[in-house]
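> For reference, the chains in residue letters:
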Amino acid sequence: MTTYTPALERSLPVVEKAQKPRVTPGRAAAQVFMISATVLWFTPIAWAFYTSLRSYDETSKYGYLSLPHHLTFMNFRNAFTQGNMVHFFWNSVIVTVPAVIITLFFASSVAFVLSRFRFWFNIPLLIIFAAGNLLPPQVLITPLYRIYLTVHVPTFISNNGLLYNSYAGLIVINASFQLGFCVFVLSNYMKSIPHEITEAALIDGASVWTRFWTLTLPLCRPALAALATLLTTWIYNDFFWAITLISSGNKRPITSALASLQGQYFINQNLLAAGALITAVPTLVVYVLLQKQFIAGLSLGSSKG
Amino acid sequence: MIGIPLVVDLFFIWFPALATVFLSFTTWSGIGGLKAIHADGVQNYVQAATNYPPFWPAARHNVLWLVVFLVFATPLGMLFAVVLDRNLRGGRIYQSILFLPVMLSLALIGIMWELIYSPNFGLINNLVGRHGNNNAIDWLGNPHLNLWAVLVEACWRQAGYVMVLYLAGLKAVDPTLREAAIVDGAGAWQTFWRVVFPVLRPINVVILVVTVIESLRAFDLVYITNGGANGLELLSVLITKNIVGQQSRIGFGSALGVVLLVISLIPIITFLVQQLRQEERR
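One line per chain: the protein sequences are A and B, in this order. The number in the numbering used here is simply the position in the first sequence, starting from 1, with 964 added. The number in the numbering used here is simply the position in the second sequence, starting from 1, with 7 added.
Derived by calculation from the structure, the hints in this document are not laboratory data. Source: prediction; values computed, not measured. Using N, Cα and C, we set each Cβ at its ideal position, and we do this for glycine too. Among these hints, one or two may not hold up.
So, partial list: chain B residues that the calculated Cβ filter (under 8 Å) puts toward chain A [as the list claims (entries may be wrong)]:
| no. | residue |
| --- | --- |
| 1 | V53 |
| 2 | I104 |
| 3 | S125 |
| 4 | V171 |
| 5 | L172 |
| 6 | L268 |
In the PhoX-like style, the derived pairs of lysine-lysine whose C-alpha atoms are separated by at most 25 Å in a straight line are [unchecked claim]:
| no. | chain 1 | residue 1 | chain 2 | residue 2 |
| --- | --- | --- | --- | --- |
| 7 | B | K248 | B | K42 |
| 8 | A | K1256 | A | K1155 |
| 9 | A | K1215 | B | K248 |
| 10 | B | K178 | A | K1155 |
| 11 | A | K1256 | B | K178 |
Please construct the entire structure, taking both the sequences and the accompanying hints into account.
Pasting the structure below:
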């Protein structure tokens, strides 16, 4: 079935899949292209890492583009202690963990209703959630900023009695903003679960709650895991909400604290590189261990509409 | 079960979105409570267009951002996906590295690239030998260069993002479709454009929507680079500047927000129309 013309692009992946890929000009060109792109893409990361491993004395003497005389992790240690990183990491945990849990719980309950019942308001609701997630955050920020300064909440939620400049406020906005995307993904996912399962339970007299909590949610575990990975990364990486809604520097999560770190280490690039790379550690852990989940989450959101 | 999430979504997302529209027709400094809000017609819009120097540059920069994404970053990401979909040797490694920037926060990306662009210590100037104090190229400081420099950073991330989305779509294409095309004598080029690409219409729309939305949301990179000034103005930055900080011009900031809102409605509606069509087909 394969009459190969050696010409470009004649090597067809489907035909070849079973056999060993043959080297053709097309494939060779693809390899060259991908290798150059990958090298190019990796350079900024490698450069930051290289810079961070060198002492300030060495780079100021020999320049940054020079072979290493001595590599050290000192910059990481210094950045970690001088930058008070433990504190900022903890802020990130305080914000990210509750935000992810709240988002997933809210989103799955909405999705359950949308996928298991036929109400007239299902479509409008889906629109409200799905569209809200697409708005640029800057469209909301002006009134939101005033709301955060005006709304009073009990002091056990926020020390200053306001949503502004509080962890609670940051959690709430991150959760609300991600809610739409998760509702969208989860309701599609739940629609793909056969109705018979919950119908059988209904006949056995199971309550709505049982059908939701003990039947549907366990079946959604793959989607929930993928979304949890995605949300953790996104909320951890959030910069805008924290910059605008948190005024005191020491309450900021680590990603937004980068802005002040940058000012602090302005003169020492090596230290700055190390400090910046430290903030990437949690996302790199996700990248190494949960890359599949992360990609699955993105694909769930985009492919099956 | 849907009550609380709905209220939360309406109060924190849709209420502010609508309030932006309302406030854009008023003046308010934020002092003196809600009673101090005065109706002001379309004055804020007139001001923005005629008497606010950063407005048009910012709008231009946003458009440029979108164009660069549309003609460069997004097609490049799609090309990566199409090439990787051919099961190249080492494909997984390529994919992992191209995808790495997507995991990093934009703030971190901004700082990492400062190490590349820095006039005296940066990789580029050292490579091309332009790091002396007099002839150094100030990539991020020169207002004619810095937007392009930051756009490179943005594309670095966007291409990987699009690649992953598109790859998922490509993997979902029914292989028999391609086999049929091949049996009929179509080349790889034809198979892609005539068979695969049309089948991927839904994901193409999603990628288009993501591209437009991402370019409207652009904020973090320019903010971390220089606060979004001196050649790096964007609408998103102007909005933030007008409401946070000493001078709070809420009505004016809102008017800028509405400009962003109106533009973003185009991709949002595109996306919804597609979703509803699929919903009907079920």
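> Indicate, hint by hint, whether the structure satisfies it.
Each hint, compared with the structure:
1. Against a cut-off of 8 Å between C-beta atoms, the interface hint on B/V53 is violated, since the closest Cβ of chain A lies about 18 Å away.
2. Annotation: B/I104 was flagged as interfacial toward chain A, and the flag holds, the nearest CB pair being 5 Å apart, inside 8 Å.
3. With 8 Å as the threshold, the beta carbon of B/S125 comes within range of chain A, its nearest partner Cβ sitting at about 7 Å, so the hint holds.
4. Below 8 Å, beta-carbon pairs count as interface contacts, and B/V171 has one with chain A at about 6 Å; its hint therefore holds.
5. Using the Cβ-Cβ criterion of 8 Å, the hint placing B/L172 at the interface with chain A is satisfied: the shortest such distance is roughly 5 Å.
6. Taking 8 Å as the C-beta cut-off, the interface hint given for B/L268 holds, the closest approach to chain A being about 5 Å.
7. Restraint check for B/K248 and B/K42: the C-alpha separation of about 24 Å stays at or below 25 Å, so the hint holds.
8. A distance of roughly 23 Å separates the Cα atoms of A/K1256 and A/K1155; the hinted pair therefore holds under the 25 Å criterion.
9. Distance check on the hinted pair: A/K1215 and B/K248 sit about 21 Å apart at the alpha-carbon level, within 25 Å; holds.
10. Note on B/K178 and A/K1155: the hinted pairing holds, with a Cα-Cα distance of about 22 Å set against a maximum of 25 Å.
11. At roughly 14 Å between alpha-carbon atoms, A/K1256 and B/K178 fall within 25 Å of each other, so this suggested pair holds.
Hint compliance for this structure: hint 1 alone is broken.
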